[in-house]
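Line by line, the protein sequences give chains A and B. Per the working numbering, the first sequence starts with residue 404, numbered consecutively. Per the working numbering, the second sequence starts with residue 24, numbered consecutively.
Everything labelled a hint here was simulated from the structure, so no lab data went into it. Check each hint, because a few of them may be wrong.
Unchecked claim - In silico BS3-like pairs for lysine-lysine, Cα to Cα no more than 30 Å straight-line:
{"hint": "1", "chain 1": "B", "residue 1": "LYS72", "chain 2": "A", "residue 2": "LYS766"}
{"hint": "2", "chain 1": "A", "residue 1": "LYS406", "chain 2": "A", "residue 2": "LYS430"}
{"hint": "3", "chain 1": "A", "residue 1": "LYS750", "chain 2": "A", "residue 2": "LYS452"}
{"hint": "4", "chain 1": "A", "residue 1": "LYS649", "chain 2": "A", "residue 2": "LYS523"}
{"hint": "5", "chain 1": "A", "residue 1": "LYS803", "chain 2": "A", "residue 2": "LYS453"}
{"hint": "6", "chain 1": "B", "residue 1": "LYS72", "chain 2": "A", "residue 2": "LYS774"}
{"hint": "7", "chain 1": "A", "residue 1": "LYS453", "chain 2": "A", "residue 2": "LYS649"}
{"hint": "8", "chain 1": "A", "residue 1": "LYS495", "chain 2": "A", "residue 2": "LYS649"}
{"hint": "9", "chain 1": "A", "residue 1": "LYS803", "chain 2": "B", "residue 2": "LYS72"}
No experiment lies behind these values; they were computed from the predicted model shown.
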Amino acid sequence: MVKARYQTAFRLYPYEKVADQDTPAPKRHSVVIIGGGPVGMGLALDLGKKGIDCLVLDDHDGVGQGSRAICFAKRTLEICDRLGCGDPMVDKGVVWNLGRVYRDESEIYAFNLLPEEGHKRPAFINLQQPYFEQFLVEEIRRQQAKGAPVEIRGQNLLTSLTQNDDHILLDVETPDGPYQIEAEYLVACDGASSPTREMMGLGFGGRVFEDNFLIADIKMQADFPTERRFWFDPPFNRGETALMHKQPDDVWRLDFQMGWDIDRKAELAPEKIKSRVRGMIGEDIPFELVWTSIYTFRCCSMEEYRHGRVFFAGDSAHQVSPFGARGCNGGMQDVDNLAWKLAAVIKGEAPDALLESYHIERKHGALENIKNSSRTADFLTPRNPAHALFRDAVLDLVEKHDFARPLVNSGRLSVPCTYDDSPLNAEDGLPQGPARSRPGSPVVDAPLGDGFLLDRLKGDGFTLLSINCDLPADVEVAGHHIRTLSIRAEGDLIAERYLGDAPAAVLLIRPDQHVAGRWPTYNARALDEAFNTAMGRT
Amino acid sequence: MPDLILTPNLEATDDFYEALLNAHEGLDEADIHALNARLILILANHIGKQSVLEEALAVAGA
Numbered sequence: 404m405v406k407a408r409y410q411t412a413f414r415l416y417p418y419e420k421v422a423d424q425d426t427p428a429p430k431r432h433s434v435v436i437i438g439g440g441p442v443g444m445g446l447a448l449d450l451g452k453k454g455i456d457c458l459v460l461d462d463h464d465g466v467g468q469g470s471r472a473i474c475f476a477k478r479t480l481e482i483c484d485r486l487g488c489g490d491p492m493v494d495k496g497v498v499w500n501l502g503r504v505y506r507d508e509s510e511i512y513a514f515n516l517l518p519e520e521g522h523k524r525p526a527f528i529n530l531q532q533p534y535f536e537q538f539l540v541e542e543i544r545r546q547q548a549k550g551a552p553v554e555i556r557g558q559n560l561l562t563s564l565t566q567n568d569d570h571i572l573l574d575v576e577t578p579d580g581p582y583q584i585e586a587e588y589l590v591a592c593d594g595a596s597s598p599t600r601e602m603m604g605l606g607f608g609g610r611v612f613e614d615n616f617l618i619a620d621i622k623m624q625a626d627f628p629t630e631r632r633f634w635f636d637p638p639f640n641r642g643e644t645a646l647m648h649k650q651p652d653d654v655w656r657l658d659f660q661m662g663w664d665i666d667r668k669a670e671l672a673p674e675k676i677k678s679r680v681r682g683m684i685g686e687d688i689p690f691e692l693v694w695t696s697i698y699t700f701r702c703c704s705m706e707e708y709r710h711g712r713v714f715f716a717g718d719s720a721h722q723v724s725p726f727g728a729r730g731c732n733g734g735m736q737d738v739d740n741l742a743w744k745l746a747a748v749i750k751g752e753a754p755d756a757l758l759e760s761y762h763i764e765r766k767h768g769a770l771e772n773i774k775n776s777s778r779t780a781d782f783l784t785p786r787n788p789a790h791a792l793f794r795d796a797v798l799d800l801v802e803k804h805d806f807a808r809p810l811v812n813s814g815r816l817s818v819p820c821t822y823d824d825s826p827l828n829a830e831d832g833l834p835q836g837p838a839r840s841r842p843g844s845p846v847v848d849a850p851l852g853d854g855f856l857l858d859r860l861k862g863d864g865f866t867l868l869s870i871n872c873d874l875p876a877d878v879e880v881a882g883h884h885i886r887t888l889s890i891r892a893e894g895d896l897i898a899e900r901y902l903g904d905a906p907a908a909v910l911l912i913r914p915d916q917h918v919a920g921r922w923p924t925y926n927a928r929a930l931d932e933a934f935n936t937a938m939g940r941t
Numbered sequence: 024m025p026d027l028i029l030t031p032n033l034e035a036t037d038d039f040y041e042a043l044l045n046a047h048e049g050l051d052e053a054d055i056h057a058l059n060a061r062l063i064l065i066l067a068n069h070i071g072k073q074s075v076l077e078e079a080l081a082v083a084g085a
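So here's chain A without its partners, still in its complex pose:
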C-alpha cells in the first residue's frame, strides 16, 4: 500500500505497473529522483533534455493541492526558459514589480524590485505552485515524445536504500507490492521533512521561529492593485503584520501574522477566517476561501548536500521562512546547478570532483537564503524588547526620512546567488570589469538584437561569448568543441553589464548560465585552464 498524504490538484501520472516490477534482477537507472514537486520535476526535465536516463518516483499520482509557493523570481523564469517552459508560466502568471509597505492605515513607502530595464523576464510572477508543476510536467511530456529518457512513476514510494560502490539499491513500494531498482545516483527532492533524509539518519539543524501565520487564499473580483502590499500593525490585525498578493484566476493570497500562542483549531474555523478576511478587504466584496493553512517556520540546513551517490536538493536540503520567496526559487537554482554536473559525470566528461562542487556552491546559496530570511523573520517577529524597540524606531523614522527605508525588512526577495570563491571559477581576467558579471555570477540578461542575451545561451553545454573581439572559426577547448556567440556592443546595456570601461571581453559561460571566467581578449591557454577548472578537473 502507498498511503495518500495529501489531496492532489491535478492527477498527472497515475500508477501503472511497469516491466521493472517483474524483472528477476533489479533494473539500473542513471538517476533516480525521489519526489515529484517542482524541484524533482525540474531536475528530471533538465536531465532528460541532456539525454540522461532518469526516473522520478512520487508517492502520489499528481500535483498536491493548495497554492503554496506563489512567487516565482526572474532567475527561476530564466531557468524555466532554458528548460523550455518559461512562456506558459509567464502567460498564466500575474506579473508584478512593485511592493508597497503600510503601517497602520498609511503607506510608508513603495519599492520597485527591478529598477532597471533590459530584462526579458519580470522581477516576479505570481503563480499557484500546482500550475508551476503542471507546466514542468507538460514540458517533460513534450520532451518524452521527442525521445528524452525520462520516466515518472506515480504511487511509487521509496522504503529503503543501500549504497554500494557503483550504485544504490532501492526498495520501492507500489499498489502491486514491492520491487527493487538500482540507481547510479539518487537525488532526494522530497521536501522539508524528507523521508529519504530520515531514512539515512541525517540531521537538519537550524532555528525555529516562534510565530504562526495564517494563509487565506480567497477568490474575489476586486480591483486592488497588482502589487505586493505589506502592512505593519494594520487596524485589521493589530500588533501583527499582513500581506496581500494577487494570483491568477482572481485568487488573492492573504497572509496574517498571528503570534505564538494561538488556538490553531479555532483559528482555522472557516467563519473565523472569513471574519479576518472581511476585516482586511471590507464587508462589501463577496469572496470564497480557496485554500487555508496555518504555518510556522524554521530555517534549517543539512550539513552536507551530498552523501556518496545520494544528493539532496530543494527543501530536503535546506528550508527557509517564506519571506523573500527563497524556498522554491532556491530549489530551482539547485536544479540548475546539479543537472549539468550529473550529466557531465555520467557521460564521462568530468570527474567525480565536479559533483562535490554542487554541495559547495548550493550550500553557499542556501546559507545566503537562510541569512536573508532569518533577518526578515527577526524584523517581523521581534524576539525580545530590544528587537521590538529598533523595529519600531525604524518604522517611526521611515515615515519622515528616506534613509530608514532600506532598514525596513518585509522580505529580501529572492535574487540569484553568485558563487564567489567557488572551486569552479577561473581567476578573474577582467578584474576592472563590472562586478555583476564576475566569475561565479549568473549571466545578467540584456537586450540583444531583436531579442535577449539569455535566449542565446540556452544550449546544453558551455558557451564562449565574445564581445567586440573575434574568435577562431572553430573553438576547441581542452579537447571539446565549444559553442560560440560573438556579438558587438557599444554604449548599450550589454556594454554596461559586461564591459564597463573595457573595449572587449570574452566570457566562458557554464551550462547553468553562470560565468566560469572572463578575459579582455581570446586566450586559448587561459580558456583551456578555465574549462578544466569549471569541469572539476583540477
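With chain A fixed as given, assemble chain B onto it according to the hints.
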C-alpha cells in the same frame, strides 16, 4: 579607512551633553528607549561605514 574616533572630538562637549539631556526631559521610560533607538539609527546612517559601526558596537558592549 577611517577608524572609530575614541579621543575627544565633540565640537561643543557641554552643549551637546545638555541638549542630549534636554531631549529626554519629561519622557517616560518607554519613550526614552524609543528616542535613543531612533537616535542610534540616525547617527548610524550618518556614519555609514560598517567597520566603524561594528567597532563602536564592540566598544559600547565591552
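Worksheet entry | Straight-line alpha-carbon gap A:LYS803 to B:LYS72, limit 30 Å | holds (23 Å)
Practice prompt. Take the C-alpha atoms of B:LYS72 and A:LYS766, compute the straight-line distance between them, and say whether it is at most 30 Å.
Written response: Within the cut-off at roughly 29 Å; holds.
Practice prompt. Could you grab the alpha-carbon distance between A:LYS406 and A:LYS430 and see if it respects the 30 Å cut-off?
Written response: The hint holds at about 25 Å.
Fill in: Straight-line alpha-carbon gap A:LYS495 to A:LYS649, limit 30 Å
Since the Cα atoms of A:LYS495 and A:LYS649 sit roughly 12 Å apart, the hinted pair holds (cutoff 30 Å).
Discussion item. Would the hint linking A:LYS750 and A:LYS452 be met if the CA-CA limit is 30 Å?
Written reply: holds (14 Å)
Worksheet item: Within 30 Å, alpha carbon to alpha carbon, are A:LYS453 and A:LYS649?
Response: violated (36 Å)
Worksheet item: Has the given pair, A:LYS803 with A:LYS453, been kept, meaning a C-alpha gap of at most 30 Å?
Response: violated (55 Å)
Worksheet item: Taken at face value, is the distance from the CA of A:LYS774 to the CA of B:LYS72 at most 30 Å?
Response: holds (21 Å)
Practice prompt. Take the C-alpha atoms of A:LYS649 and A:LYS523, compute the straight-line distance between them, and say whether it is at most 30 Å.
Written response: It holds: about 21 Å lies between the C-alpha atoms, which stays within 30 Å.
When each numbered hint is compared with the structure, violations occur for hints 5, 7.
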